[in-house]
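A.B. asks: Please work from the sequences and hints to get the whole structure.
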Amino acid sequence: MLFSIFYLVLLMGFSIRKTVILIVIFLIILNPTSTSYLKAANTCEKVSTSYLMENLTKMNLDFIMPNDVISEDEEVGNQEVFWSLDIGAGMYVQKLATLLSVGEKCYVYMANETIAAIGESIAISRCNYYRNDFDDVIYDKNIEFMGHPDGRFGDIDGDPKVTIFIVDTNGSGGFYLQKDEIDTHPYSNLREMIYIDQRFSTSQVALMTIMHEFNHLIWFNNEMDEGHFLLEGAAEFSIFYAGYTYDWGNLTGHTNLFSENHQQSLLSFHLIGGRPLMEDYGKSYLFILYLVEQFGIDFLSNLVLAHPDGPLGVDFALNETGSNAKFNDVFLNWITTCSIDSESFALGKYGFINVDFTVIPDDVISNYPLQRSDVIHYPYGFHVKKLVQPPDNFTFSITNPYPTFSMGISIAIHNQNGWHVMQSLHSENSELISINVSGEEITEAYITTSLMLENTPEIFIDFIDVGDETYLTLDYLIIEGHDQTSKVNNYLLAFVFSMIVILYSTKIIKRKK
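All residue numbers for the sequence shown refer to our numbering, where the first residue is 695 and numbers rise by one.
To be clear, the hints were calculated from the coordinates, so they are not data collected in a lab. Note that the coordinates shown come from a computational prediction; the quantities given were computed from them, not determined experimentally. A couple of the hints might just be wrong.
Mimicking EDC-like on lysine to aspartate or glutamate, the simulated pairs with C-alpha atoms at most 16 Å apart in a straight line are [claimed, not checked]: (1) 789 with 862; (2) 1020 with 1148; (3) 855 with 768; (4) 1043 with 1023; (5) 799 with 844; (6) 855 with 830; (7) 873 with 851; (8) 1080 with 1056; (9) 799 with 768; (10) 1020 with 1003; (11) 799 with 851; (12) 799 with 838; (13) 855 with 829.
Have a look at the derived ranges for each label pair, beta carbon to beta carbon [stated by the list, open to error]: (14) 1162 with 816: 44 to 54 Å; (15) 1038 with 816: 45 to 55 Å; (16) 1068 with 1016: 37 to 47 Å; (17) 1176 with 834: 49 to 59 Å.
Note that CB positions come from ideal geometry on N, CA and C, so glycine has one too.
C.D. replies: What follows is the structure, encoded as structure tokens:
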């Protein structure tokens, strides 16, 4: 840059001596040496993709041919042989089951071995309990925003009723398996079907599980390759929508886990030993809840029907609701909401409506200046810094991850006039990003940072092992006062060029005289 200015000034006809003087003035004004406060990002690990794969085998022990026991009419007392997934053993197994309850919208089967274990009376009572809530709440509430269960792919068996199968899953509260609606799958039960573990009794937790899995059934009948963070977010949202979370302030154990573990990417589900982290369910739920609160339930209906997947699908659904917002915009607003949760300003853009929730800050800072080194940042995760009684004027600087990533920054300050938020997405080459902050009698401030992309991400990774995800380590600094020298100020740069033009014009005028 300096060479270019030097060359430009020479072209204007100034002597070398005057040119050097101008450059010295330029350096004094900008003082670029102050960028040495922080180091550049020093670690970048490549991601290795890891998908949740099922190693499923056929169990031949006590194998029962379905045609031996199947009945044409599904009435109470009918028996069926179902292929079920034994998660602990990692294989499909056959289970003989009896239909104990029939509703307007569902069949409720229970594995015969479970009926024998708990007794017929308790078994029937449990099945009726599930049937009643499915008919009265679960079915209708889900289809209000998800659409009909037949979706794009239709009804595999021509029967509009959904089968609820109570069985020992050996390691899961419940699940939905799309293989049941694929007629070429060797273990297909050829019906719309969800599985509920036998360990559940007549409890609201069981109803929440049925709600969640039925939501999956509807979405998978529309498409098979949606991002997992959106699938699970919608399924968890459906539990809230049905009113099952009301007694807990619309929060769950998953959201509580997320409050402590919000650093990893929103766009992936993280696995330990092949099983997803529970906090990722809470994270996905709160993201979908926020979007529905801000843009209406039609946003979610549009998301289910979106042809693009993942963040691009979010863009599509936002556009369908009439919004000009993009994924990056709502992501920055969401992480700000997760930091301060205040509906009192900006038309409620930075607050949840139906929950009272904030994450636990990663750093709580009360002494200034302060420098932190090697702070881990994940793409589309976020790191929260809470400033207690900060100076009324301070500067936040952080190493710039560009061009590997852009840096999303949201700074919220609370002073005598309430909350104020400033957000930015930095996609420029520089060693540091520095932001000056001002307020009057600031009581607290939150600085939330995230690795992002300049535009909406087109690629997301559904499942990844903990430890395999890309990250950068960044350093940040908070100092009292405004650091006008930590980066090239565009206004000062414009001032320097203006002075050059004025001097050049003056020289021309003198020549004419």
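A.B. asks: Can the restraint linking residue 799 and residue 851 be considered satisfied, given a maximum Cα separation of 16 Å?
C.D. replies: holds (14 Å)
A.B. asks: Next pair to validate is residue 873 with residue 851; report whether the Cα-Cα distance is within 16 Å.
C.D. replies: Cα-Cα ~13 Å, so holds.
A.B. asks: Between residue 855 and residue 829, is the straight-line Cα distance small enough, at 16 Å or below?
C.D. replies: Within the cut-off at roughly 10 Å; holds.
A.B. asks: Between residue 1043 and residue 1023, is the straight-line Cα distance small enough, at 16 Å or below?
C.D. replies: holds (11 Å)
A.B. asks: Taken at face value, is the distance from the CA of residue 1003 to the CA of residue 1020 at most 16 Å?
C.D. replies: Given that 16 Å is the threshold and the Cα spacing comes to 14 Å, the pair holds.
A.B. asks: Taken at face value, is the distance from the CA of residue 768 to the CA of residue 855 at most 16 Å?
C.D. replies: holds (11 Å)
A.B. asks: So if I understand the rule, the pair passes when the alpha-carbon distance is 16 Å or less; does residue 799 with residue 838 pass?
C.D. replies: holds (15 Å)
A.B. asks: Do the beta carbons of residue 1068 and residue 1016 sit within 37 to 47 Å of each other?
C.D. replies: holds (44 Å)
A.B. asks: Could you check the hint for me, namely that residue 1038 and residue 816 are 45 to 55 Å apart, CB to CB?
C.D. replies: This hint holds: roughly 50 Å between Cβ atoms.
A.B. asks: Would the pair residue 789 and residue 862 pass a check requiring their Cα atoms to be no farther apart than 16 Å?
C.D. replies: Since the Cα atoms of residue 789 and residue 862 sit roughly 9 Å apart, the hinted pair holds (cutoff 16 Å).
A.B. asks: Starting from residue 1080, check that the Cα of residue 1056 is at most 16 Å away, please.
C.D. replies: Since the Cα atoms of residue 1080 and residue 1056 sit roughly 8 Å apart, the hinted pair holds (cutoff 16 Å).
A.B. asks: Quick one, are residue 799 and residue 844 close enough, alpha carbons at most 16 Å?
C.D. replies: holds (13 Å)
The structure meets every hint from the earlier list without exception.
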